[in-house]
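Engineer: If you want the building blocks of each chain, they are given just below.
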Amino acid sequence: MCGLAGICHINGPGKISLNTLNRMTAVLRHRGEDESGIYIDDHIGLGHARLSIIDLTSGTQPIHNEDEMLWIVFNGEIFNYPELRKQLQDDGHHFYTTTDTEVVLHLYERDGLKCLSLLNGQFAFAIWDSSKKQLFLARDRMGICPLHYTIQNGTIYFASEIKSLFMEKEIHREINPIALDQIFTFWAPLPNVTAFKNINELEPGQFLQIDENTINIKKYWHFPIPSRNEHIDPSPEELTEELTHLLSDAVRMRLIADVTVGSYLSGGLDSSGITALIAKQFNHDVQSFGIRFEESDFDESPYQKQLASFLNVNHKELLISNNDIASHFSKILWHAEKPILRTAPVPLFLLSKLVSENGLKVILTGEGADEIFGGYNIFKETLIRKFWARKPEDQNRADLITRIYPNIFKNPLLKKTLIKFFAQGLDKADDPLFSHLIRWNNTKRIKTFFSDDLKKEIGEYDCIDEIRQLIPDHFDTCSSLTKAQYLESTIFLSNYLLSSQGDRVAMAHGVETRPPFLDHRIIELMARVPSVWKILGLNEKHILKKVFNGILPKNIVDRPKNPYRAPIQQSLLAKNTSEFIKDMLCETEIQKTGYFNSKKVNSLIRKLNARKNINEVDGMAIAGILSTQIIDYQYIKNFPLTQNSPFKPNLMIDHRSDHRFGNTGLFAGKQ
Amino acid sequence: MDYIEDINKFIIENFLFGDENNLEKNASLLENGIIDSTGVLELISFLEETYGITIEDDEMVPENLDSMDNINNFLKKKLNN
Chain X
1 MCGLAGICHI NGPGKISLNT LNRMTAVLRH RGEDESGIYI DDHIGLGHAR
51 LSIIDLTSGT QPIHNEDEML WIVFNGEIFN YPELRKQLQD DGHHFYTTTD
101 TEVVLHLYER DGLKCLSLLN GQFAFAIWDS SKKQLFLARD RMGICPLHYT
151 IQNGTIYFAS EIKSLFMEKE IHREINPIAL DQIFTFWAPL PNVTAFKNIN
201 ELEPGQFLQI DENTINIKKY WHFPIPSRNE HIDPSPEELT EELTHLLSDA
251 VRMRLIADVT VGSYLSGGLD SSGITALIAK QFNHDVQSFG IRFEESDFDE
301 SPYQKQLASF LNVNHKELLI SNNDIASHFS KILWHAEKPI LRTAPVPLFL
351 LSKLVSENGL KVILTGEGAD EIFGGYNIFK ETLIRKFWAR KPEDQNRADL
401 ITRIYPNIFK NPLLKKTLIK FFAQGLDKAD DPLFSHLIRW NNTKRIKTFF
451 SDDLKKEIGE YDCIDEIRQL IPDHFDTCSS LTKAQYLEST IFLSNYLLSS
501 QGDRVAMAHG VETRPPFLDH RIIELMARVP SVWKILGLNE KHILKKVFNG
551 ILPKNIVDRP KNPYRAPIQQ SLLAKNTSEF IKDMLCETEI QKTGYFNSKK
601 VNSLIRKLNA RKNINEVDGM AIAGILSTQI IDYQYIKNFP LTQNSPFKPN
651 LMIDHRSDHR FGNTGLFAGK Q
Chain V
1001 MDYIEDINKF IIENFLFGDE NNLEKNASLL ENGIIDSTGV LELISFLEET
1051 YGITIEDDEM VPENLDSMDN INNFLKKKLN N
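These protein sequence lines map, in sequence, to chains X and V.
1 is the number of the first residue of the first sequence in the numbering used here; add one for each residue after it.
1001 is the number of the first residue of the second sequence in the numbering used here; add one for each residue after it.
With the rest of the complex left out, here is chain V (with noise of 0.2 Å):
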């Protein structure tokens, strides 16, 4: 299954207030400005409850977090186990 539809969205309602989002997928959103600091609490979040996972400490790094791309790899892992 893929998630990146579902991450584009939330990306849109809650960091673009429904612009359209011009980003790649691998596109790293703190560099372009599309979330902050304080942003990356909120998407952690979303992901939690949307999806009923728990995001380990050791899970919280820009390699699973910072892009479209990334976050949907991660979610499929997690996910897939």
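Bound-form chain X, shown alone (with noise of 0.2 Å):
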């Protein structure tokens, strides 16, 4: 993956300050230290910090077409590009690089906003038409690559991170109320929104394409919910089979790079199954990457152990520590540019910089399966929930959500009561929230910290009204199952997993993660499979196992899925935690931002630091108001904005027609 930025004026011609479009890429450098280039002419300036992967000699960006009408910066791989480029070849388009970049812009060139539907990648791009002056930007599918944009007086600046963004100094920096709504809510902000006032993000499988007249912003693609009535019914056997060629075929793809690639192993289901496929159909002497935990309640080892020494596969481990959680959190922030109520984020960031300290570049990962296979607790709870609410006295009903939740339920005799608290709402089974209702009402009692200045600035504002108004039309014609997945990947993993746990903290160290799991073929194939063959039974990912089954271990694939979690109040108010936490966090600070009630603040810290028995509310609590707090110091307060960091391009293309060089503008070249 790499970096982009870009500052366009829309209403015409204007100075473009190089100094700020440096600036702009500059920050970005951790996403790509290979190489960097720049663009610019009298409406446009484009910014790329370059990782290299494919064409390593040759791919340095931005790119043109065969006459320099088009531009191109790009963010990220197209993993069918070969097969794309042989057509367009035959199309009589000519290529300078063997870049999966040249290749998009051609197909740009060829078809226009159509080429998005032609593309199986996970990216974000901007692409300038010179002649007729208009900025076409796209991102991928499921949104695995970032892109934000402000329009602001007329000009629309965008880049992958919105650190870049904040390099323009005309650009308002201000913690956004109702993103803090949706965090404490949802665990990450809807699409489009993010945690700053007037800053956008692209939506996933959407595209924005602007001139002087007009702009145009549509989704391309949309998460497919299927009506029941147009699901598919194949065979277990044949399904599998399906699922067995698409999901080799999508590894096969994601191994495509001239660099090695790795692979993540955390010893569940799906990353082992991942690297599985690598081991078994493409690469033997794979190099796997895993995350210990020195809290044995978090620790997965023992699998990873089996798993690597099964698969032969060479196995690197990390251990972390309470202590690597709370040093780091802060420095992830800086990466996520949002709020979080978790710290999970954290030993992924560690994990990449071992990656990166080995060398490697790309990483496979198992992120998605548990979205699109059917493997959450949820989507279990959901179905219990509604077999249960067609007979609500019925105990037998009722004792199924105890086996989902056994630790939860590790006291038999506890059940009774906290059976009730999974009795709520059940006698709106028929609401179309339903699956998700029960975990948002929990965790938006922690907007109960949130000072009265900020409850007055989110007024009467209510995220999950604003859920109800973005839900497809067609929403209550789909399976309980598909609706969950629907609300699950939409929300939580484009705007967290994939972003604040994904692309940002491997991106911190230059590492480009794939989730084959997310290659959109399976998605649409696996959205019209009828719900029993994801969660048949009480057995979750039903399918995806029968495809792991004779390449796993048996214990492997039977084992029940474990949430990938990390400690949180363990960690952030260890005695030992560092004075930049415990600072953030005094009653001064607190009162100084305005965003939480300091009393209840304190008193949050003072119940944490008292009792053993902790409940995960509180804990996300404590993530989500310190979380907020350092982005508050780090991007509102003390950004660094006058840092005059060294920055040459190794690509400098300037068509400004007042430039030194001439009229002509037609300086291009390596510097």
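Treat each hint with caution, since some may be false.
[To be verified] Pairwise CB distance ranges (calculated): (1) V:I1053 with X:T477: 48 to 58 Å; (2) X:P392 with V:M1001: 31 to 41 Å; (3) V:M1001 with X:T477: 51 to 61 Å; (4) V:E1031 with X:S17: 21 to 31 Å; (5) X:E174 with V:N1073: 29 to 39 Å; (6) V:K1077 with X:K599: 33 to 43 Å; (7) X:Q395 with V:N1073: 22 to 32 Å; (8) X:K197 with V:D1019: 21 to 31 Å.
Everything labelled a hint here was simulated from the structure, so no lab data went into it.
Don't be surprised by glycine CBs; every beta carbon is placed ideally from N, CA and C.
Combine the two chains into a complex, taking the hints into account.
Structural biologist: Structure follows, in structure tokens:
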């Protein structure tokens, strides 16, 4: 992957500050330290920080088409580019690099907006059409690669990360209260929303086309949720065969690179399956990387070890202590650019560092399988509660809930009380948000820590009501599982797992993660498969287990899903936690930023320090409060706007008419 | 002896973080979103630690734990024994 940035005057020529463009690009250098490039003319400036993966020698960006009318800066990978390139060559297009980036540019030249539907990949890019004076931005279907923008006074600024936009001092930096309301309910902001006012994120599967007269922002792909009557009905054998083929192809494509590709291995089904496919079909000697935890409740290393020796892969593990989490929490927030209610991105930040230290830049991951194949407990919980809602008095139905949460129901006699918790909303089983309301209503209790001022700014806004407006019209015709998968995938997967816990913490160390399960062919196939092949009885990811049956040890296939989590209060509030964290949470700082009620925050900290049995909501509260404080500190109060790091692009293309190289504007070349 | 005040104070401090408790004494704490599935465990350890009692497995039922009245009556019974 890479980092891209740009400034475009929509309403006609104007001065583009090369200095600002340089700084916008320089601040993204962690995303690509190999090379950098700039294109500038009288309307637009494009900046690019490159992580070289395909065509290491001649792929310097920005890249142009034959007549140099179209220019592109690109982040990500197009996995089917060899086929597309061949078609384009047959159509008479000429290439000067062997990159996937150049393929996208020619495809856009040939097909315009329609090019997006032909791409299989993870990407965010900007194409400048210098003859039409038109800018085109697009983002991949699931939102694996980020792209932010803001339109201010006739100028659009865009960049992979928000910090790049803030390098323009005219762009105001202010926390968005609506985003806080969303994060403190859904664990992530909604699509298009960022933690900052007036800064937008292009949605997954969305493009933006803008010129002097029009702005066209549209989704070209929607997360598929077919109605029940659009389901296909393959036999489990047919489905297993089709998936085995697709998954193997998805992995094959994602191994395409001119550098070595590794894999993450947690010991769970998904990453084990991906690693096994690589090791057995493509690269016996693949390097895998896994996390171990000092806190045994979070550790999965015995399974990792078993898998690594079973597959005979070259496995490296990283032991994470509570202290590691506390000491890197603020660093990952600089990359995540939004408050988080968890600490789980920290170990992945440290793991990408290990990957980078081992000389690798590309990693395949198991991300997405739980959403697409029905792995999460919330899906099983939904099916059980739906079944239970039809006979709320039936004790046997109620008892099913205890089977999916063995940890919560450790004490069998506490059962009756806890079951009451899951009985909430049983009378509203037809609510389109039925699957997630318990979770969201429970999480949003932490809004109690919001200050009166923040509450006033949020006003009447209700983020759960907003979801009701956003769900597709035919939502009601979908199965309960489909609805739950949609909510989980479009909110939590795209805006947290692939972002704060995905791209951002990997790219912090110049590592690109590629999740084969999120190949759109797999998503589209699984969307049309009846729920029963995803969750059979209470057996999650039923069909995926069948796919992996032959290539993984039985105990790995059969083991119950263990969610990936990391300690929160044990690390953030440990006695030896950093002075910085203590400062960020002290009464004066809480009052100074003004987002939270300092008295309540004090009570929470006292409680967390005094008690052993901590409920999860309190853990989320302290992570959310601390991360908001840190984001405010890093991005509002102490943003390094004036920091002047030396930046000299490897490629500088200057087409400005009044430039010192003359009016021809044809100076182009490597410096 | 009545324990309602102690219980109310515990709920305000631990689950409402200082907000006023507007709940009826007989209202369900779980259904009204005051405590969640893990919050029940907090409530139990509070009762055990504060009153020096051991709550037996068969006592951990909503009838004893899921409203201020229920907790109060349960404590009275338990402490009188």
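Engineer: Hint by hint, say whether it matches the structure.
Structural biologist: Quick rundown of the hints versus the structure:
1. For I1053 (chain V) paired with T477 (chain X), a C-beta distance near 53 Å keeps the hint of 48 to 58 Å intact.
2. At about 37 Å, the CB distance of P392 (chain X) to M1001 (chain V) agrees with the hint of 31 to 41 Å.
3. One distance hint, 51 to 61 Å for the beta-carbon pair M1001 (chain V) and T477 (chain X), holds here, with the actual separation near 58 Å.
4. Distance hint for E1031 (chain V) and S17 (chain X): a CB-CB separation of about 58 Å, inconsistent with the stated range 21 to 31 Å.
5. A beta carbon spacing of about 52 Å between E174 (chain X) and N1073 (chain V) contradicts the range 29 to 39 Å that was offered as a hint.
6. Restraint check, K1077 (chain V) to K599 (chain X): a C-beta distance of roughly 36 Å satisfies the suggested window 33 to 43 Å.
7. At roughly 24 Å, the beta carbons of Q395 (chain X) and N1073 (chain V) sit within the given window of 22 to 32 Å.
8. With their beta carbons about 28 Å apart, K197 (chain X) and D1019 (chain V) fall inside the hinted range of 21 to 31 Å.
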